[in-house]
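Visitor: Two chains, two separate frames, one set of hints: put the complex together.
Okay, here's what each chain looks like letter by letter:
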Amino acid sequence: MFDSITLGQYYQTDSVLHRLDPRVKLVGTFVYLISLFVVDSYVGYIVAALFLAAMIFLSNVPFRYIVRGMKTIVFLLLITVCFNLFLTPGEVIWQAWIFKITKEGLTFAIKMAVRLSLLILGSSIMTLTTTPTQLTDALESLLRPLKKLHVPVHEISMMMSIALRFIPILMEETDKIMKAQIARGADFESKNLIKKIKSMVPLLVPLFISAFRRANDLAMAMEARCYRGGEGRTKMKPLVYKANDRIAYLVLLAFAVVCILTRIYF
Amino acid sequence: MGIKVDDISFLYERGTAMQVTALDHVSAEIPDNQFIGLIGHTGSGKSTFVQTLNGLLKVTSGHIYYNGEDIDGDKFDKKKLRSDVGLVFQYPEHQLFEVDVISDVMFGPRNLGLSDAEAKKRALEALESVRMPKSLYKSSPFDLSGGQKRRAAIAGVLAMRPKILILDEPTAGLDPKGRDEILGLIAGMKKELNMTIILVSHSMDDVARYVDRIMVMGGGKLLYDDEPVKVFRHVTELEELGLAAPQITYIMKLLKERGLDVSSDALTVEEAAAEIMAHRRELHV
Ligand SMILES: Nc1ncnc2c1ncn2[C@@H]1O[C@H](COP(=O)(O)OP(=O)(O)O)[C@@H](O)[C@H]1O
Ligand SMILES: [Mg+2]
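Protein sequences appear in the order of chains A and B. Residue numbering for the first sequence follows the working numbering, beginning at 1 and increasing consecutively. Residue numbering for the second sequence follows the working numbering, beginning at 1 and increasing consecutively.
Just chain B, same shape as in the assembly (with noise of 0.2 Å):
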């Protein structure tokens, strides 16, 4: 079960001068429980591919079957979906709007026709998984520190109990440590809540060490669909979109040229100080 996409396409702003195609015959696969990080440039159309997931925006062609069935079909319920297929926007904290952090983490799960009880259960649930200090959740939303904003709008999709949930450069414009916080709490989330997680980013460094599987996007196409060690192997490629390997992956192809015969498939520092160190006797050192 899952997502299936067949051949989309979007086009903005269709049949005016100002045209754009923001998808271009995309076909993928989103199973059950895996780990999926979404890479491309700025324009290349994440955006736009994670919003036609749930049903947000209508694709121009092409079909995506949620759970074997169409979602674009007559009986297909989009309620449903969107409470399945949760979506973090970019800047979620945005969207804050209530009088309150705990109420405001309600809304969703009350839009899904739940008891004012139930809701409560699940968006305290919510907030535990993302961390939140239990003094704040009676404090407005709007007095949250940038970090604590936007782990509250998390938990406001979150409080939804989605089977698939999107997150939409989730560390944009945050600084190096909130960015690692919010990386590490979306991989204990993953690993706590056995759900599907598309991770949005444009930066190699963010997504590389947690993913199973990476989907590279460029000018509304996808390019590369494949487990994070393979796509790295086209460093070259990948480039020339504007994108970058792992800086680990670079030291190593380095060391690989001067002659040490480790391997380049490593994402992260451990495993590149462990190839390393397997490789110590070749060092004349």
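Next up, chain A with everything else stripped away, as it sits in the complex (with noise of 0.2 Å):
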């Protein structure tokens, strides 16, 4: 039932990519969405698909998954273009009643889309390619220079690890009892909005009822366990990086020196 939300789940093989630190993919993806605000010309954006098709090469993650996840955002995207194409204010190109497209608009659109469409597929790579736990591991590691600062930065990649642990958790219990109660003829594909509303009690009840339960089975085992924070808390798989980490991180300044060139002189 939730065939479509694949956008950024992980897809377990094994690549470059998915043997890559954690930390490196991090500050990639970081690296490569502000490349994106940084360029401004076509020849730019033409860099920056070429890095990200390369990227999708490595990942080894079939394009046909990664392109039906986008599905689920194609709307937003199609909002986002619209307002750009039709408000945008400049030389009238098209005309019909009370919308008009001027050639601003559509340079801007166009511009914008293919931003956000990097942007998301850029994104998704790093999810795809990262497990959740690895993904908060690094993030932990890379904000350790924040604890100085008194920010409670093992608590909050915890509180992290463990949202982003539960999302499968909890969209396998929605498809669940979603299905127990078509089972008893409930009927959640209704166009009606009011009944739409009504249908939503069936499933969301049981599903708050259960998350509290888990999360109060988590919260129990963990004392069990005697967590008590990050205070003197080793880990079994440390970070560390290795060569070809290295490499990605020479591959990476070079892609932003690139980006940056294409902005002076194009």
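Simulated from the structure, these hints should not be mistaken for laboratory data. From a predicted model like this one, the values you see are computed outputs, not experimental measurements. Certain hints may be false.
Taking lysine-lysine and the DSSO-like style, the derived pairs with C-alpha atoms no more than 27 Å apart in a straight line are [unchecked claim]:
(1) B:K79 - B:K149
(2) A:K242 - A:K71
(3) A:K195 - B:K80
(4) B:K4 - A:K191
(5) B:K149 - B:K121
(6) B:K221 - A:K176
(7) B:K78 - A:K179
(8) A:K179 - B:K4
(9) A:K237 - A:K148
Computed spacing ranges between beta-carbons, pair by pair [said to hold, decoys possible]:
(10) A:M220 - B:V99: 23 to 33 Å
(11) A:Y227 - B:K79: 44 to 54 Å
(12) B:Q90 - A:V43: 56 to 66 Å
All C-beta atoms in this analysis are idealised placements derived from N, C-alpha and C, irrespective of residue type, glycine included.
Guide: What follows is the structure in structure tokens.
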């Protein structure tokens, strides 16, 4: 039932990207996202798109799978494009009734669409190749300097990893409860808005109860294993940079430099 | 009439690296008024199989016919199928949501478009069938004990008056007393209500004494489909699947190996006792 929500869900396979240190991927995604706002020319976008294509190729995730996940946000993308297309003032090139398209609007809309697509694809490449646990480990490790400022880095990352961990569980649970209620004749596909909202009750009540029960169980299990926060806690798999990770940082640096150059020269 | 399953397969996560073949070319017939035990190790595809039977999962290949009609056909009424083929999920108590027990049981009949009076009538009948104490009809379903919750949830499906009732591991997570209660209840319902019941379980001891027929699943395939006595003759193969014959079957087998000429087909302690008594002359006591 949730086949369409593959956007950014970890895809299990073996690839260079999967084996990379999660910190590299986190920093890489960050650099990539910023670079998308640095570049402002078609050449720049081509560079960014090529870089993304290379990453997709390296990730070993089937392109079909990535695109299927994109479907969920096409709507969002369309709205953004329409707003830009119709509401940007400038030189009018087409007009009908109250709608008019301007030259500036057109360029802006295209750029926006490209930028947003690259942005979403870029960040989903990270989550497709990195497990939530690795990701929060990386975050904790990268944010460690903030501990000096009394930011509860460990607690934040623990909360994040629990939240992320529970997404698939709750999704599975939703699927199960939904099926059980459909078996009792519930109709979740009604077009009528009021009926639709009412039909959510048999789904949401059991879901919340189950979420609270799980939270309670988890808290109990953590306490039973003497969890006391991050103080003095060691890791089973400490993050260590390897040769590949250093190369990856160099590639990233090169990419960032090229992006800045396209901004200056094009 | 009933359900005819024709060579169905089901894949989860089709086309990804996580693809799982949960059902692998299964064929079977489910007639009216039969008590069937569906047995298999965890992950053998039991739950997947029963969910295809009422159209909750659409088969990847093959066909399922209900009363002769293909359930994936264009004109087929799935809602009718879901009321005729009632499915009680594993841990059904997790689906309770209403303010009181009786309203929760009325949820199914109401979805069938019945009037409140008719829905209530069916709910009362169903609650009676599961032996729910009258004093609890108006309590919150969340205040019930584990076994009571489960009975309320079973009543919720029963109230739709299915012709075929499927129970997916109805004894999971219950203590021995609760387990016997639920199993006794189901056997009683079978006698009272004249419907087909499919009882899904991973324990032979649970089903052996009640059912007319046993279907054994392993690795997504239907391996045996026969009368209990005949299925239990394959003790060795069953053990390789991580299943076991009822304990009494082992005792009879051992007696036989030690030279007592009893039949090893007994399924219950009573049958075994009768069989042994019939051969007591051979015993040197
Ligand atoms: N929602 C799902 N997504 C992916 N795989 C699943 C899902 N549900 C079950 N499976 C897999 O399908 C196989 C059969 O599962 P299931 O029908 O639940 O078996 P059983 O009920 O006999 O324990 C198992 O290998 C299981 O891991
Ligand atoms: Mg199961």
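Visitor: Does the structure break any of the earlier hints, and which numbers would those be?
Guide: 2, 4
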